[in-house]
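**Q** Letter by letter, the chains look like this.
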Amino acid sequence: MGSISKIHELLTTKQISCTELTKSYLNEIEKSNGELNAYVNVTGEQALATAEKVDKKIAGGEEIGMLEGVPMTLKDNISTKGVETTCCSKILTGYKPIYNASVWDTLNNQNAVMLGKTNMDEFAMGSSCETSYFGGAANPFNINHVAGGSSGGGASAVGANLAAFALGSDTGGSIRQPASFCGIVGLKPTYGAVSRYGLIAYASSLDQIGPITKSVEDASLVFDAISKYDDKDSTSKGYSGNTYSTLNNDIKGMKIGIAREYLEGIRDDVKESILKAAEIYKSLGAEIVYFDLPALKFALPVYYIIACAEASSNLGRYDGIRFGYKTEHYNGTHDMICRTRSEGFGEEVKRRILLGTYVLSAGYYDAYYKKAQNLRGTIVKAFNDAFEKVDVILAPTVPMTAFEKGHAVTDPIETYLTDICTVPVNIAGLPGVSVPCGFNAKGMPIGMQLIGKSFGEAQILNAAYKYQQAANENFKDTDWGVKL
Amino acid sequence: MKYELVAGFETHIELATKTKIFCGCTTEFGGEPNTHCCPVCIGLPGTLPKLNREVVRYAIRAGLAVHGKIADVAKMDRKNYCYPDLAKAYQISQLYAPLIIGGYVELSNGRKIRLHHIHIEEDAGKLIHQHGDTYVDYNRGGVPLIEIVSEPDIRSIDEAKEYVEKLQQVMRYIGISDCKMQEGSMRCDVNISVRPEGSEKFGTRTEIKNMNSITNIAKAMEYEYERQTDLIESGGKVIQETLRYDDATGTTSSMRSKEDAHDYRYFRDPDLVTINVDPQEVEEIKANLPELPADKCRRYIDELLIPEKDAQLLTKYRKISEYFDEACEGVKSAKTVSNFIIGQIFRRTETEADKEIFDVAVSPAQLNELVKLLDSGKIRNNLAKSTLEKMLDSGKGAMEFISESDMGGLDENAMTELCKQAVESNPKAVADYKGGKEKAIKSLVGFVMKNSRGKADAAAAEEKIKEIIG
Chain A
1 MGSISKIHEL LTTKQISCTE LTKSYLNEIE KSNGELNAYV NVTGEQALAT
51 AEKVDKKIAG GEEIGMLEGV PMTLKDNIST KGVETTCCSK ILTGYKPIYN
101 ASVWDTLNNQ NAVMLGKTNM DEFAMGSSCE TSYFGGAANP FNINHVAGGS
151 SGGGASAVGA NLAAFALGSD TGGSIRQPAS FCGIVGLKPT YGAVSRYGLI
201 AYASSLDQIG PITKSVEDAS LVFDAISKYD DKDSTSKGYS GNTYSTLNND
251 IKGMKIGIAR EYLEGIRDDV KESILKAAEI YKSLGAEIVY FDLPALKFAL
301 PVYYIIACAE ASSNLGRYDG IRFGYKTEHY NGTHDMICRT RSEGFGEEVK
351 RRILLGTYVL SAGYYDAYYK KAQNLRGTIV KAFNDAFEKV DVILAPTVPM
401 TAFEKGHAVT DPIETYLTDI CTVPVNIAGL PGVSVPCGFN AKGMPIGMQL
451 IGKSFGEAQI LNAAYKYQQA ANENFKDTDW GVKL
Chain B
1001 MKYELVAGFE THIELATKTK IFCGCTTEFG GEPNTHCCPV CIGLPGTLPK
1051 LNREVVRYAI RAGLAVHGKI ADVAKMDRKN YCYPDLAKAY QISQLYAPLI
1101 IGGYVELSNG RKIRLHHIHI EEDAGKLIHQ HGDTYVDYNR GGVPLIEIVS
1151 EPDIRSIDEA KEYVEKLQQV MRYIGISDCK MQEGSMRCDV NISVRPEGSE
1201 KFGTRTEIKN MNSITNIAKA MEYEYERQTD LIESGGKVIQ ETLRYDDATG
1251 TTSSMRSKED AHDYRYFRDP DLVTINVDPQ EVEEIKANLP ELPADKCRRY
1301 IDELLIPEKD AQLLTKYRKI SEYFDEACEG VKSAKTVSNF IIGQIFRRTE
1351 TEADKEIFDV AVSPAQLNEL VKLLDSGKIR NNLAKSTLEK MLDSGKGAME
1401 FISESDMGGL DENAMTELCK QAVESNPKAV ADYKGGKEKA IKSLVGFVMK
1451 NSRGKADAAA AEEKIKEIIG
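In the order they appear, the protein sequences are chains A and B. Okay, so the first sequence: first residue is 1 according to the numbering used here, each after it adds one. Okay, so the second sequence: first residue is 1001 according to the numbering used here, each after it adds one.
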């Protein structure tokens, strides 16, 4: 049983009150966050107020929803009215949004209990959570290792049982990669399935909010709750139907594809786990189909060009005039903006703003941005063609396991390479779910990715759930946090 | 050597939609600073634009009114530049796939000024410098604009003035904007160059930014034409640069050179989806367009036999032409209505602003009633004229001032009698007339008009008097 269902049962059978449950989460956060640095802001008072509301409903005999009273957390780039939302950047310190992100409106209306905001790479730019202005989040399996990024805080919190689920955002792997590093489940939905309204943009054409959970059924429940059409987001489509009811469908005859390119240049232990997963699928009656996806080689440069280009524009608004950090000493407006940005942004953010500005500049636009857009089309088409032959694609989530702290900062190029398996999904706007599929010799989790066709969440979650049932030993709990 | 002026215009027009282009805030002019704002139009992190479809419809109206082609598919782009009044540090505009392509504005000399395209975009806020500090007011941020980009087809300052006037006129007619240059709801950037007469090659152009009156456009262009020709004549070269015009000194000065020109790093806005235009929607908009001023003017001349100059006056503002159309309903001669409007009513609406509003005490129906009395011969022209003055003073209908006895005109005998009296009691005028002063007859006619209390027909009286004098 997933954490959400378990909590729902505990609450409705009155084995524990929502207030007690929330308090125990808050206590565990208090105890462990010093080491894990998963949370950058704990909103205990607000959490307890919601819990009280839920308890009153239960006491009054009212029915409660599946997510009602469930302690959870939001990545610090999801806007929360009146609660500081910083993207873990100095430039947004002190910024309290005056409106809620649509996903939080949805969950808040269902009385989900927000425990706080979780750590992330600054503006979601990074793969280790270490570009955070507040320092990186630690991996619950080994605190000398990173939690991954950019949604490292959410993955660390869920992995350490400091929240039942987290919402993260995924631009190039930022949900799936930390989920993989922390041995849990992370779903990056189809572009347009979940509203982006209120998600502080990194790269608008790639960003997507999704759940980070302990189990596939939790991911499914949360996805079903947040995948609604939103009039405030023009790119929103919403998800028709639900994924939960088909989780346990038989996968006999399902065609699971493995693109050979995905297995190139990955660590042996990771490759082994993926191939082992393929064997399990075979035993469940699925058909494994090997195929080529040569367009994948373009994915990384295409991703970095498009993401940085959009970021350079999206981050132009941080000028110290209306919100967030503003430099203390300056001489005139121009100087104020320059100083505010120089002081407020971290190195990785500056690097990507510069890259993005460069690729959009007159004389370079055609050579970089336009070419990248064309290749994006090529990649989309390659995936479409692949899905003519297969139902779901199986791939590693990351070519390696969680690296030690400090590694990413010293070698940015290698860090960029960790995204190689995750970025194609964002470029093509497809859904992808990362599921734990083993451990390396040092006991660090390995993750596999199931990629679906556009709006094929039901299929990949179905495949993931069947795998979870068959290989439950890979879904290992840690010693941290609240034991349900 | 004689030099020819070459100019092209980029004209920004604020659309009169109720709400902004990407959010639900009001577009109303003025208001306390930052009171017409929301998270979207002040660019708070995480907010997303949502295109106001009404803006697309307004722009399509504009496009149709200038004979442009409406694109089936249009896209929004980001124009990136950093300025405190631009909340997001980019303006959402169109570069790669604008909504309207081509079109033209026809001038009175028959020349067609071709349009390159028309695109939709958002306006920026405003900086307020006060007490040694700079403040930002975002009320105007996100107000919808169209930018009409012409080809370099303008060849004189008169053409430039007429081009702007024509645009202003047609956009007001179709009701998409009030086009008030002084309030900034219409602004022009002028691209100007000169070349030796007869030359095919364009000279180097300069761009004069943000012109806010037609008078200034003319003055700035005149100055710039002189400056460029003088420069070339004296062996110098025109530098491509952006200029500002200083109204006080009547000169232009450099804002930035080509080297310092902004690199706007345009790219498709990923937050907004493709704008699809249904041809049926375009047809509906077309069907609902009012008669355009050029067509109206042609119709007045050709069908109502109004002199061209008068037809232009009547069509300059939509309100006047609508007033005229209504007052003409069922009358014998539209020319009579036109004469009343231009001859008398215009004296009550002296300024252009008054003419544009055309708030007249006499309703078109009341004028129509008066003209019909005249048509039927029940009253004479002079009585009609003086009655109209009284109507304009009071706002009352014609019948308030015309008694039964006024109507029906003068019978033949009474007329002859009055004319005789006129001749007898004005020997000097008679003598003058006989002596060759043609005009002297007017005072005799005046006598008849006065003593008939305007009932007499002036032309008939003149004839009769001439007959009596012999």
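Hints are not guaranteed to be accurate.
To be verified - Not the full set, but computed from the structure, chain A residues with beta-carbon under 7 angstroms of chain B:
1. 200
2. 204
3. 234
4. 238
5. 317
6. 327
7. 329
8. 330
9. 336
10. 360
Don't read these hints as lab results, they were simulated from the structure. Each residue gets a CB set at the ideal place from its N, CA and C atoms; glycine is no exception.
**Q** Look at each hint and say if it fits the structure.
**A** Now for the hints, and whether the structure bears them out:
With a cut of 7 angstroms, the hint placing residue 200 of chain A at the interface with chain B holds, because the nearest CB-to-CB distance is about 4 angstroms. With a least beta-carbon distance of about 4 angstroms to chain B, the hint placing residue 204 of chain A at the interface is held under the 7 angstroms criterion. Taking 7 angstroms as the C-beta contact cut-off toward chain B, the hint placing residue 234 of chain A at the interface holds, the least distance being around 5 angstroms. Because the beta carbon of residue 238 of chain A sits about 14 angstroms from the nearest beta carbon in chain B, more than 7 angstroms, this interface hint is broken.
For residue 317 of chain A, the shortest C-beta to C-beta distance to chain B is roughly 5 angstroms, which falls under 7 angstroms, so the interface hint holds. Given hint, residue 327 of chain A at the interface with chain B, is violated; its Cβ is 14 angstroms from that chain's nearest Cβ, farther than 7 angstroms. Because the smallest distance between the Cβ of residue 329 of chain A and any Cβ of chain B comes to about 16 angstroms, over 7 angstroms, the interface hint for this residue is violated. About 12 angstroms separates the beta-carbon of residue 330 of chain A from the nearest beta-carbon of chain B, more than 7 angstroms, and the hint is not met.
Among the interface hints, the one on residue 336 of chain A is violated; its C-beta lies about 9 angstroms from the nearest C-beta in chain B, farther than the 7 angstroms criterion. Hint status for residue 360 of chain A: holds, given a least beta-carbon distance of 4 angstroms to chain B, under 7 angstroms.
Hints 4, 6, 7, 8, 9 from the list above are not met by this structure, while the remaining hints are.
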